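A.B. asks: Residue numbers (the working numbering), protein chains in the order written: chain S, 1 to 129; chain G, 1 to 129; chain V, 1 to 279; chain H, 1 to 279.
None of these hints come from the bench; they were simulated from the model. Do not take every clue at face value.
[What the hints assert, rightly or not] Using 25 Å as the maximum straight-line C-alpha spacing, the simulated SDA-like pairs for lysine to any residue come out as follows: (1) Lys35(S) to Gly87(H); (2) Lys22(S) to Glu66(H); (3) Lys65(G) to Trp86(V); (4) Lys22(G) to Ala2(H); (5) Lys35(G) to Ser64(V); (6) Lys4(S) to Leu221(H); (7) Lys225(H) to Asn7(S); (8) Lys35(G) to Pro92(V); (9) Lys22(S) to Ala80(V); (10) Lys4(G) to Pro198(V); (11) Lys225(V) to Tyr6(G); (12) Lys22(S) to Val181(V); (13) Lys35(V) to Met110(G); (14) Lys22(G) to Pro156(V); (15) Lys4(G) to Glu110(H); (16) Lys90(S) to Gly23(H); (17) Lys90(G) to Pro88(V); (18) Lys225(V) to Ala119(G).
[To be verified] In silico negatives: residues of chain V with every beta carbon more than 12 Å from chain S: (19) Val18; (20) Asp27; (21) Ala31; (22) Ala80; (23) Ala93; (24) Ala210; (25) His227.
Everything numeric in this text was worked out from a predicted model, so none of it was measured. Just so it is clear, CB atoms sit at the ideal spot from N, CA and C, and this is done for glycine as well.
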Amino acid sequence: MSNKDYNDIPGTTIFDGDMARKGYWVNQFCMSLVKPDNRARFLADEATYLDEWQITAEQRTAVLKRDYNTLLSLGGNVYFFSKLFFTDEKSFEACAAQMAGMSQPDYRAMMINGGRAVAGNRSTRVEDR
Amino acid sequence: MSNKDYNDIPGTTIFDGDMARKGYWVNQFCMSLVKPDNRARFLADEATYLDEWQITAEQRTAVLKRDYNTLLSLGGNVYFFSKLFFTDEKSFEACAAQMAGMSQPDYRAMMINGGRAVAGNRSTRVEDR
Amino acid sequence: MAKITAGISTSHVPALGVAMDHGNTEDEYWAPLFKGYEHSRQWMQENTPDVVVLVYNDHASAFSLELIPTFAIGCAEQFAIADEGWGPRPVPAVEGHPELAWHIAQSAIEDEFDMTIVNRMPVDHGLTVPLSMLFGQPKSWPCQVIPIAVNVVVYPPPSGRRCYHLGQAIGRAVESFAPDVDVQVWGTGGMSHQLQGPRAGLINQAFDQAFMNDLVANPELLMHKPHIEYLREAGSEGVELVMWLIMRGALGPHAKELYRFYHVPASNTAVGHMILQSA
Amino acid sequence: MAKITAGISTSHVPALGVAMDHGNTEDEYWAPLFKGYEHSRQWMQENTPDVVVLVYNDHASAFSLELIPTFAIGCAEQFAIADEGWGPRPVPAVEGHPELAWHIAQSAIEDEFDMTIVNRMPVDHGLTVPLSMLFGQPKSWPCQVIPIAVNVVVYPPPSGRRCYHLGQAIGRAVESFAPDVDVQVWGTGGMSHQLQGPRAGLINQAFDQAFMNDLVANPELLMHKPHIEYLREAGSEGVELVMWLIMRGALGPHAKELYRFYHVPASNTAVGHMILQSA
Ligand SMILES: [Fe+3]
Ligand SMILES: [Fe+3]
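Start from the sequences and build out the full structure, keeping to the hints where you can.
C.D. replies: Structure below.
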């Protein structure tokens, strides 16, 4: 898709049509975890459950490793893979900290102190930093 | 809903929000007949199949009698209840003829001769007839 | 750059599909009708597009009363053939063009059309009958298809004006798509017909011919035709004609007519078909 | 005649629902935040509407990638509570107002908004957390709710301008509904936050405060804020704020601010909440 004026935002993936196409099945897999039976089946045998979905080897590895930043680059969307956080009984805060590359206490401290500043985080273009 | 400028068209029911609310479940029942298993179950025992749907006694009778004009007045929509025509292996033409109150040969003859004329069929208001 | 090379309109009467699927097209009843599409099948062979943006309406096949989108655009790789109550039609599955479809969806949303993006949508006679009428019975369809499903089942359908403007937005979207793709836009449904109630069988040939004339020369006039006029003059199902305005809008302000065919009846319906190009 | 008596905006952070459902609202972390809603709970008791038109977004609960409506209006009698991956929240089911909902749907479509009408839509934290924050933990919700789900998950969401105009259309629709019904419009989501990637945790208090100021006094200015500005300045999920513009549009050109509360953080998010009335 043309005119991606958002591609210079650091550490941020915009879930547009290209990403939605790339991540279609991995997101549909995540969505399936809103059913308790599916959560139980997945937790009992992740590999077998994943065999039912047309996902790539890279997406599969990222799911098994709960490597959310990689999953983002492979078309995963945070609202979809949050079903995986909750299936793991992890909080959104814990998983956000992980994506931010921080311990959960450090991340929480940053948030209590007003969150990540926007200054320096607007663009990867030199003139905007 | 206000401003129904279409309520004077003779022999015609416009499937608006009011009708869609009234006919919700009877239309959803009809829609279920797009699955072969459901068609078979329905044909084997219509009464039991209908018990599964929250339809009114009047709607139930209209379905059992294939009384399509009554079904229209009870919120049925022709695209939904056409699934019932096809389940019965009837054609759309046969069922249209029935709603028109004509034999199928007479209806077909009318159509071959150019169809029902619009003159006299525009409005039930006297000045438009 | 992608380009819209033609606009096609055609009725999508289910009985036409049944006649083809059962090999009845040379029966006395059907022969004159199918003869009227012979020229177009030939023309389509010489002018096969890469992609058809096919505007149609779902007839309680993909969408029940659970969910009724005004405009749904199909962005999937493939669309299955719907079972409408007598088993799916024996025609090939429909291949989509996800890249162009998503591009049109994004562009139309940015143009303030409130599209529903859909990735799973079994397609019914509204979409497959036009393909059959124009391509015959190939093993696979000769082009990709982007389905745009318009609600005309639950009142109110989108206005003619809204449809015409959506066509213009589709035109802008296609013209901003970088790959060289030959695109046709098809508008289907109509012409005058009523399928329900004691007034079933209504046909209005004068209305239909005037509509086709105006579609070529006065689309801005058609854009303002209120729904009540379709319902009253062209039958309760005649309102499907607003979908032809999407096709017409995509062609730009001036169009020329390459072909026209009109026939009464096909089952309960008047059949109209046109080939148009931007002029 | 029906009348819009107030507009409410509030963040809909899932952790707020969890805190209430687990009785943690008096913990040191949560107490200041819930204290900020005490005035509003009191105000809501004195100003309970008959119906809330509740603008929110579905977070991959009712809608997967199979189907993504830009604007979906819930016309059902009742909406179930969604299971988002840890079982449904222990809150009452949501009762709809089908008659007013269908009226708004018809009116908005006639006003050229391409609504998706939906009759089956489990509602997630986006809708239930605002109800909990403003009504507490009653056995049943004290009013009926018409959910309007806006796509902000798949890019592009509708523009701020489109959202503001939809609010105006909702205003016209409510005012043309004959029964005497007291209606509030709620806009939810935001404020600044980013839930994903290395930039997760972004908060922009200056942006949020300016947004609330402009929402009251300069909505026409906000209407033209491009998506890129939300994404860059307020985090990738900050774009949810376009939903506040639907509420604001419904109030008419001039509004007065009855209450404002702002707090950082709730889990990953800045929380903002306002009570507005037409002026
Ligand atoms: Fe049709
Ligand atoms: Fe949200």
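A.B. asks: None of the hints should be skipped; say for each whether it holds.
C.D. replies: Do the hints match the structure? See the list:
Among the hinted pairs, Lys35(S) with Gly87(H) is consistent with the structure: their alpha-carbon atoms are about 8 Å apart, no more than 25 Å. About 14 Å separates the Cα atoms of Lys22(S) and Glu66(H), which keeps this hinted pair within 25 Å; it holds. With a C-alpha separation of about 21 Å, the suggested pair Lys65(G) and Trp86(V) falls inside the 25 Å cut-off, and the hint holds. The straight-line distance between the Cα atoms of Lys22(G) and Ala2(H) is roughly 23 Å, inside the 25 Å bound, and the hint therefore holds.
Between Lys35(G) and Ser64(V), the direct Cα distance comes to roughly 13 Å. Compliance with the 25 Å bound is thereby established for this hinted pair. Note on Lys4(S) and Leu221(H): the hinted pairing holds, with a Cα-Cα distance of about 24 Å set against a maximum of 25 Å. Restraint check for Lys225(H) and Asn7(S): the C-alpha separation of about 18 Å stays at or below 25 Å, so the hint holds. With a CA separation close to 20 Å, the supplied pair Lys35(G) and Pro92(V) stays within the 25 Å bound.
Restraint check for Lys22(S) and Ala80(V): the C-alpha separation of about 21 Å stays at or below 25 Å, so the hint holds. The straight-line distance between the Cα atoms of Lys4(G) and Pro198(V) is roughly 20 Å, inside the 25 Å bound, and the hint therefore holds. Distance hint between Lys225(V) and Tyr6(G) is fulfilled; the C-alpha atoms sit about 14 Å from each other, no more than 25 Å. A threshold of 25 Å between alpha carbons decides the hint, and for Lys22(S) with Val181(V) the separation of about 22 Å falls inside it, so the pair holds.
For the suggested pair Lys35(V) and Met110(G), the alpha carbons sit about 22 Å apart, so the restraint of at most 25 Å is met. Straight-line distance between C-alpha atoms of Lys22(G) and Pro156(V) comes to about 16 Å, which keeps the hinted pair within the 25 Å bound. Proximity of Lys4(G) to Glu110(H) is assessed by CA-CA distance (about 13 Å); at most 25 Å being required, the pair is judged to hold. Of the supplied pair hints, the one linking Lys90(S) and Gly23(H) holds, its CA atoms being roughly 19 Å apart against a limit of 25 Å.
Annotation: proposed proximity of Lys90(G) to Pro88(V) holds, straight-line Cα distance about 16 Å (limit 25 Å). Of the supplied pair hints, the one linking Lys225(V) and Ala119(G) holds, its CA atoms being roughly 20 Å apart against a limit of 25 Å. Distance check for Val18(V) against chain S: the nearest CB is about 35 Å away, which clears 12 Å, and the non-interface claim stands. Its beta-carbon lying about 45 Å from the closest one in chain S, Asp27(V) satisfies the requirement of being farther than 12 Å from that chain.
No beta-carbon of chain S comes within 12 Å of the beta-carbon of Ala31(V); the shortest separation is about 45 Å. The claim that Ala80(V) is not at the interface with chain S holds, since no C-beta of that chain comes within 12 Å of its own (minimum 16 Å). No Cβ of chain S comes within 12 Å of the Cβ of Ala93(V); the nearest lies about 17 Å off, and the non-interface call holds. Every CB of chain S lies more than 12 Å from the CB of Ala210(V), the least distance being 40 Å, so the non-interface label holds.
Non-interface call for His227(V) relative to chain S: holds, since the shortest CB-CB distance, roughly 33 Å, exceeds 12 Å.
Hint check: no violations occur; every hint is consistent with the structure.
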